[in-house]
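Number of protein chains: 2
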Amino acid sequence: MQYNRIYNFNAGPAVLPLSVLEEVKESFMNFSGSGMSITEISHRSKNFEVVINDAVSRTKRLLKLDGSYHVLFLQGGASLQFAMVPMNCLPDGKTADYVDTGTWAVKAIKEAKILGKNPKIVVSSKDKNYSYIPGNIKLSADAAYVHITSNNTIEGTQWCNFPDAKGIPLVADMSSDIMSRPFDSKPFGLIYAGAQKNIGPAGVCMVIIREDMLKLVPENLPSMLKYTTFSSSNSLYNTPPCFSIYIIQLVLKWLEEIIGGLDKMEAINKEKAELLYSAIDSGGFYRGTAEPGSRSLMNVTFRLPTEDLENIFVQEASKNSLGGLKGHRSVGGCRASIYNATTLEGVKALTDFMKYFEQKNG
Amino acid sequence: MQYNRIYNFNAGPAVLPLSVLEEVKESFMNFSGSGMSITEISHRSKNFEVVINDAVSRTKRLLKLDGSYHVLFLQGGASLQFAMVPMNCLPDGKTADYVDTGTWAVKAIKEAKILGKNPKIVVSSKDKNYSYIPGNIKLSADAAYVHITSNNTIEGTQWCNFPDAKGIPLVADMSSDIMSRPFDSKPFGLIYAGAQKNIGPAGVCMVIIREDMLKLVPENLPSMLKYTTFSSSNSLYNTPPCFSIYIIQLVLKWLEEIIGGLDKMEAINKEKAELLYSAIDSGGFYRGTAEPGSRSLMNVTFRLPTEDLENIFVQEASKNSLGGLKGHRSVGGCRASIYNATTLEGVKALTDFMKYFEQKNG
Numbered sequence: 001m002q003y004n005r006i007y008n009f010n011a012g013p014a015v016l017p018l019s020v021l022e023e024v025k026e027s028f029m030n031f032s033g034s035g036m037s038i039t040e041i042s043h044r045s046k047n048f049e050v051v052i053n054d055a056v057s058r059t060k061r062l063l064k065l066d067g068s069y070h071v072l073f074l075q076g077g078a079s080l081q082f083a084m085v086p087m088n089c090l091p092d093g094k095t096a097d098y099v100d101t102g103t104w105a106v107k108a109i110k111e112a113k114i115l116g117k118n119p120k121i122v123v124s125s126k127d128k129n130y131s132y133i134p135g136n137i138k139l140s141a142d143a144a145y146v147h148i149t150s151n152n153t154i155e156g157t158q159w160c161n162f163p164d165a166k167g168i169p170l171v172a173d174m175s176s177d178i179m180s181r182p183f184d185s186k187p188f189g190l191i192y193a194g195a196q197k198n199i200g201p202a203g204v205c206m207v208i209i210r211e212d213m214l215k216l217v218p219e220n221l222p223s224m225l226k227y228t229t230f231s232s233s234n235s236l237y238n239t240p241p242c243f244s245i246y247i248i249q250l251v252l253k254w255l256e257e258i259i260g261g262l263d264k265m266e267a268i269n270k271e272k273a274e275l276l277y278s279a280i281d282s283g284g285f286y287r288g289t290a291e292p293g294s295r296s297l298m299n300v301t302f303r304l305p306t307e308d309l310e311n312i313f314v315q316e317a318s319k320n321s322l323g324g325l326k327g328h329r330s331v332g333g334c335r336a337s338i339y340n341a342t343t344l345e346g347v348k349a350l351t352d353f354m355k356y357f358e359q360k361n362g
Numbered sequence: 001m002q003y004n005r006i007y008n009f010n011a012g013p014a015v016l017p018l019s020v021l022e023e024v025k026e027s028f029m030n031f032s033g034s035g036m037s038i039t040e041i042s043h044r045s046k047n048f049e050v051v052i053n054d055a056v057s058r059t060k061r062l063l064k065l066d067g068s069y070h071v072l073f074l075q076g077g078a079s080l081q082f083a084m085v086p087m088n089c090l091p092d093g094k095t096a097d098y099v100d101t102g103t104w105a106v107k108a109i110k111e112a113k114i115l116g117k118n119p120k121i122v123v124s125s126k127d128k129n130y131s132y133i134p135g136n137i138k139l140s141a142d143a144a145y146v147h148i149t150s151n152n153t154i155e156g157t158q159w160c161n162f163p164d165a166k167g168i169p170l171v172a173d174m175s176s177d178i179m180s181r182p183f184d185s186k187p188f189g190l191i192y193a194g195a196q197k198n199i200g201p202a203g204v205c206m207v208i209i210r211e212d213m214l215k216l217v218p219e220n221l222p223s224m225l226k227y228t229t230f231s232s233s234n235s236l237y238n239t240p241p242c243f244s245i246y247i248i249q250l251v252l253k254w255l256e257e258i259i260g261g262l263d264k265m266e267a268i269n270k271e272k273a274e275l276l277y278s279a280i281d282s283g284g285f286y287r288g289t290a291e292p293g294s295r296s297l298m299n300v301t302f303r304l305p306t307e308d309l310e311n312i313f314v315q316e317a318s319k320n321s322l323g324g325l326k327g328h329r330s331v332g333g334c335r336a337s338i339y340n341a342t343t344l345e346g347v348k349a350l351t352d353f354m355k356y357f358e359q360k361n362g
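Residue numbers (my numbering), protein chains in the order written: chain A, 1 to 362; chain B, 1 to 362.
Keep in mind that the hints were calculated from the coordinates and are not lab data. Hints are all accurate, no fakes.
Estimated spans, in silico, between C-beta atoms of each pair:
id	chain 1	residue 1	chain 2	residue 2	range
1	A	138	B	232	36 to 42 Å
2	A	120	B	232	28 to 34 Å
3	B	312	A	44	19 to 25 Å
4	B	232	A	140	34 to 40 Å
5	B	233	A	26	31 to 37 Å
6	B	61	A	348	45 to 51 Å
7	B	236	A	26	27 to 33 Å
8	B	162	A	120	49 to 55 Å
9	B	271	A	32	29 to 35 Å
10	A	278	B	321	57 to 63 Å
Below, computed lysine to any residue pairings styled on SDA-like, alpha-carbon distance capped at 25 Å:
id	chain 1	residue 1	chain 2	residue 2
11	A	253	B	30
12	A	25	B	49
13	A	110	B	92
14	A	25	B	254
15	A	46	B	17
16	B	94	A	220
17	B	110	A	229
18	B	25	A	22
19	B	46	A	314
20	B	107	A	72
21	B	113	A	231
22	B	110	A	44
23	A	113	B	217
24	A	113	B	229
25	A	94	A	223
26	B	110	A	217
27	A	113	B	220
28	A	110	B	229
29	A	25	B	30
30	A	46	B	310
31	A	215	B	113
32	B	348	B	293
33	A	25	B	3
34	A	319	B	44
35	B	46	A	333
36	A	113	B	233
37	B	110	A	231
38	B	110	A	237
39	A	25	B	29
40	A	215	B	115
Don't be surprised by glycine CBs; every beta carbon is placed ideally from N, CA and C.
Excised from the complex, chain A in its bound form (with noise of 0.2 Å):
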């Protein structure tokens, strides 16, 4: 391949579109004839309000946001977030609904429990090693927000349809798959996201939310973890990561641009994860972990016949240049990440790999 580069099917940090990758290569001595790197220009400069006001107007155009939302971009990964949304959304003697479908899940509850609020579980998919996503879901009526995680990276699993809220927030983790299809937001009071899966580098964390949602922070809470910190100074409150949030823009750029926008990319995704799904189900050789209507279009997760052979099929695979196909190390088994920036390609080279693997060892 082009520059000697591999398929790579990590979980995240993920792969980032060729595309990209070159015109931040290209520009990366003098950006924009500013003279400066674009890790050198100040964040308080026309060059940097240029990159991060087109990634904020992007965002808005891809997911049809209307006028009631913000974009923030805000450090410290989905993992703050499971502190932030509480803190800040959750009022002392009120309760917040969480759906438990996975280690992500758990985090974001535990996170909530240690802030002294109260998270309460009103389903989970544990029973069944978190292999499907739940339906038939009640619902508290006197719930601050209900709390989601749109897609299980490790498990494998995404909600295909999101649950009827019935006029609650939403609030929704997408970190692995955002930008990945469109939806509707309306029902949704906050979705927050760590970029490094689907829309750019670690080190940024895409949050959005609505002005409702806003109104809920308290004011004693430090300035680095108030969301209206972020929502009054359009995310430049304090230096924020500049070369991340430049990166998005670019994704985002080429998301419109050069995919089409989110049908487009919901399109291209499935036919990706048919692919590699059809590959898995063909024999009795690979088997899927996840219950079919609740699969994945992002982590398409699956078990061999045996451990043994799972690791000579990652490391074979790897000398085939097609990388990052263990599976989480809390669950095992093989993971072929397949985000927007997976090319077809890559996922038709994992296939043939498969036959071929399957054919030497089944």
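Mind docking chain B on chain A? Use the hints.
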């Protein structure tokens, strides 16, 4: 200049060593034979382990830290540290001494107060617009720590000799002068520094913390706001800002291998600062704003006879490839930030321009 670059005197994000930028660019499409960009590799990969471990080792060597110190990489900048320091290291019922030497010290004090903690301002140089570093400070015998700002980016002052805290741990915001000179680390319990001035790009904050300070960390803090979360995981509890840490590693390598360590770096920094202060002091046209004994070697702040002349100076300098000379909006005037990566050649170009401008307008 090469790549049509300018001389960049921005206060932060700021200039980086040219050879570091070139190395980033050259390896950008395929980092260290991984077949992936540094922005795409897993933070749990061997390739990234090498990067972060090397950054930690070089920090320890450059600052001559003994085995009781941990070097951590966090997000949120120094601004989040203003809250994390008292959250982690100021037990309820105890007080901490704060030395007020300018804008950033004021913000640190403000965040401690928001938390309901008890920061005691033991001395302030506000009486003279923060133009000096106070001496003869009377510290509390029972303080949990003494907080100082080693270099005041906005006001252009710097501690020449750190105060004797008589065994009470010093805590220092060294954002704008870390790694610019050698110093005795032993009195310091905690040092923090946003990277974007002297050691890297925006998006990562270096925290150096001693074992005894870690013992103060309460159990019931959110995971991402506890120093122990980072010290027990080598800063890899969740996905760290990989790219920013990578640049820090390269900058520290440049400091050790090209510059030759902090003694050498300090000598160069002194030469640059002396050249610039001489140009300011040589006639009556320019006027330094900091008192001579408190002048910063990093941020050289000065005024011209009128504000109009200051504006023309900044504009004309910019046309002559000398960028970022406008003073901070809160204080006005001019400022040349001459961090480690600023070359002597750059400072000479600035002083030549200053002489020319003085002759024309003086």
